[in-house]
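Residues per chain are reported as follows:
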Amino acid sequence: MITRKSSLFLVAPAIVLLGLLFLYPLGYSLLWAFRDEEFGGWGLQNFIKAFGLYSNDILFTLIIVTLSTVIIGTFSIAIGGYLTLGENRVALLVLRWLYRWPLFIPFVVAAQLMRTFLAKNGMMNNIIVSTGLMEPLQAASYLDWRGIVITFVWKQTPFVALLVAGAMAALDRSTMEAARNLGAPRLRILFEIVVPQIATTLMVGLILSYVVMMSVLSVPLMINAQTPTMITVDMAWRINAYSDYGVANALGFISYAMTAVIAWVYLRQGVREGGKPA
Amino acid sequence: MTILRTTVTAILLALLAFAIFGPITNMLIWSVAETWYFPAKLPQSYGFSFWERVFRPQGNAMESLWSSVLIALFTVLASLAVAIPAGLALGRGSLPWRTFFLLLFLLPQAFPSIAVHMNIARIFYGLGLNGTYLGVVLVHTIQGLVFSVWIATAAFAAVDRELEEAAANMGASPFTVFRTVTLPLALPGLMASAIFVFLISLDEFTGTYFVGVPDVTTMPLLLFTASMEGNYQIASITALILLIPSVGFMLFIERFLKSDVLAKVGS
Numbered sequence: 001m002i003t004r005k006s007s008l009f010l011v012a013p014a015i016v017l018l019g020l021l022f023l024y025p026l027g028y029s030l031l032w033a034f035r036d037e038e039f040g041g042w043g044l045q046n047f048i049k050a051f052g053l054y055s056n057d058i059l060f061t062l063i064i065v066t067l068s069t070v071i072i073g074t075f076s077i078a079i080g081g082y083l084t085l086g087e088n089r090v091a092l093l094v095l096r097w098l099y100r101w102p103l104f105i106p107f108v109v110a111a112q113l114m115r116t117f118l119a120k121n122g123m124m125n126n127i128i129v130s131t132g133l134m135e136p137l138q139a140a141s142y143l144d145w146r147g148i149v150i151t152f153v154w155k156q157t158p159f160v161a162l163l164v165a166g167a168m169a170a171l172d173r174s175t176m177e178a179a180r181n182l183g184a185p186r187l188r189i190l191f192e193i194v195v196p197q198i199a200t201t202l203m204v205g206l207i208l209s210y211v212v213m214m215s216v217l218s219v220p221l222m223i224n225a226q227t228p229t230m231i232t233v234d235m236a237w238r239i240n241a242y243s244d245y246g247v248a249n250a251l252g253f254i255s256y257a258m259t260a261v262i263a264w265v266y267l268r269q270g271v272r273e274g275g276k277p278a
Numbered sequence: 001m002t003i004l005r006t007t008v009t010a011i012l013l014a015l016l017a018f019a020i021f022g023p024i025t026n027m028l029i030w031s032v033a034e035t036w037y038f039p040a041k042l043p044q045s046y047g048f049s050f051w052e053r054v055f056r057p058q059g060n061a062m063e064s065l066w067s068s069v070l071i072a073l074f075t076v077l078a079s080l081a082v083a084i085p086a087g088l089a090l091g092r093g094s095l096p097w098r099t100f101f102l103l104l105f106l107l108p109q110a111f112p113s114i115a116v117h118m119n120i121a122r123i124f125y126g127l128g129l130n131g132t133y134l135g136v137v138l139v140h141t142i143q144g145l146v147f148s149v150w151i152a153t154a155a156f157a158a159v160d161r162e163l164e165e166a167a168a169n170m171g172a173s174p175f176t177v178f179r180t181v182t183l184p185l186a187l188p189g190l191m192a193s194a195i196f197v198f199l200i201s202l203d204e205f206t207g208t209y210f211v212g213v214p215d216v217t218t219m220p221l222l223l224f225t226a227s228m229e230g231n232y233q234i235a236s237i238t239a240l241i242l243l244i245p246s247v248g249f250m251l252f253i254e255r256f257l258k259s260d261v262l263a264k265v266g267s
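Protein chains in written order, with the numbering used here: chain A, 1 to 278; chain B, 1 to 267.
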């Protein structure tokens with residue numbers, strides 16, 4: 001009913017907006033990473049400076065984000081797996097109600113919650129001490145790399161778990177039930193029947209999560225802004241303190257590259273397994 | 001065996017509940033703590049004097065609350081203005097390279113956004129848009145664009161074509177069909193996308209951090225500043241104000257996003 005021409009006309013405003021506010025600044029950031037703004041000209045000066053100043057932070061970022069992704073994946077499989085294969089009705093009801101709470105809580109709020117919860121005198125240590133599992137003197141602050149990982153996992157697990165649980169619920173149950181009737185333990189059913197079938201959904205969820213964590217500024221700023229820290233903090237610092245867009249854009253380029261590597265590994269895996277990745 | 005299994009399940013669920021509600025409880029306590037000094041496990045005194053400070057009509061907290069709500073409302077308007085026609089074209093029209101266009105809107109989700117944001121800020125600075133409401137609304141609109149376009153597309157695609165044809169056969173003009181049949185049927189999906197975009201705008205931090213300075217302070221920025229200054233009461237109250245709509249949306253999303261629309265998202 002709507003012709004080709006009017007379809008293009010209708011989609012045009014959204015495309016123009018995307019072009020002006022995303023594609024243009026994206027191109028700008030890619031290009032300006034190679035611009036020497038002090039002396040003019042183009043080259044790798046910004047990258048040399050970025051690696052010289054922040055190589056520790058680059059490594060730190062990669063480790064934190066990768067570690068968080070792995071933990072999020074593990075928890076998501078555990079939650080989705082129990083929701084699919086669990087048999088205790090009450091536990092299923094409680095879990096289904098419980099796990100989604102942080103889903104839409106913004107990072108800045110999650111960071112504030114953890115800033116008080118994980119502090120040396122925070123609620124977590126207080127409760128562990130009250131249970132007698134730890135001496136008061138042993139209480140330590142978790143507001144370092146562990147705090148960032150905990151906050152990321154807390155905030156992002158519900159999102160991936162929701163996708164994974166949805167994909168698992170849509171699976172054909174007959175193979176699972178057949179395996180169960182033959183006496184296969186549920187853990188084996190989970191890893192040999194269920195997880196392989198939802199691997200694509202899991203990977204898509206984890207990659208989206210990885211990209212999000214790679215660009216969060218508030219969490220590292222509020223949980224752990226001393227060195228080593230995440231490169232998002234360094235980018236903000238280069239701009240606010242020195243107006244140094246060159247090095248900031250070089251760091252931005254590195255964050256794109258770290259994302260691209262993950263996406264590439266995933267696509268290659270898909271090709272090797274002989275199937276279409278998505 | 002069964003008893004052991006039940007006990008283990010119960011303990012794991014209790015740990016999960018502690019992990020999820022522990023931090024939230026800690027924030028709730030901070031929001032009503034008057035004085036809380038190290039090493040006390042609980043506040044020395046409770047009260048609402050910080051709530052009065054936050055909700056004082058002339059205070060900067062109320063100002064940033066209004067800024068946040070105003071920006072979120074205009075972001076929703078801007079998103080719907082481009083997403084409704086785009087959704088109509090993608091969900092109903094005969095658009096060439098449809099998949100390409102759908103994926104194009106996903107692109108902002110595929111790149112770490114912070115590097116894009118700082119360059120938007122630089123471009124906006126040249127245009128005089130830094131520190132203006134318009135600048136912040138534009139940044140928030142692009143953040144929510146993939147969701148508004150994809151959900152609108154799914155909402156229009158889920159509308160039953162036979163109803164439209166029936167209206168057209170009875171002599172209704174294309175615009176009347178759209179106004180009286182297509183749009184009302186797609187409305188629940190569009191509402192869901194509007195609420196989602198509102199929430200994205202309300203919670204947005206990084207874009208506002210770069211583009212909003214120095215004049216536009218939203219709730220997330222106020223929370224950040226208060227927290228960095230060590231003012232945990234103000235930070236916790238602000239966090240609570242931001243938490244309520246997020247949790248509400250999580251609990252009620254299924255009412256807005258019906259499964260027939262949800263099944264068509266991204267297809």
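The hints are simulated quantities; they were obtained by calculation from the structure and are not laboratory data.
Misleading hints may appear alongside valid ones.
Claimed, not checked - Here are the simulated distance ranges between beta carbons:
| id | chain 1 | residue 1 | chain 2 | residue 2 | range |
| --- | --- | --- | --- | --- | --- |
| 1 | B | PRO39 | A | LEU98 | 28 to 36 Å |
| 2 | B | GLU165 | A | GLU87 | 30 to 38 Å |
| 3 | A | ALA241 | B | LEU28 | 53 to 61 Å |
| 4 | B | ILE3 | A | LEU53 | 53 to 61 Å |
| 5 | B | LEU185 | A | LEU98 | 46 to 54 Å |
| 6 | B | GLY59 | A | VAL129 | 16 to 24 Å |
Quick reminder that beta carbons are idealized off the backbone N, C-alpha and C, glycines included.
Outcome of the hint check:
Taken as a hint, the range 28 to 36 Å holds for the pair PRO39(B) and LEU98(A), whose Cβ atoms sit roughly 31 Å apart. The given range of 30 to 38 Å is broken by GLU165(B) and GLU87(A), whose C-beta atoms sit roughly 49 Å from each other. For the hinted restraint 53 to 61 Å between ALA241(A) and LEU28(B), the CB-CB distance of approximately 36 Å leaves it violated. ILE3(B) and LEU53(A) have their C-beta atoms about 58 Å apart, which keeps the hinted 53 to 61 Å range intact.
Range check, LEU185(B) to LEU98(A): about 35 Å between beta-carbon atoms, so the 46 to 54 Å window is missed. Separated by about 37 Å at the C-beta atoms, GLY59(B) and VAL129(A) break the suggested range of 16 to 24 Å.
Taken one by one, the earlier hints fail for this structure at numbers 2, 3, 5, 6, listed in ascending order.
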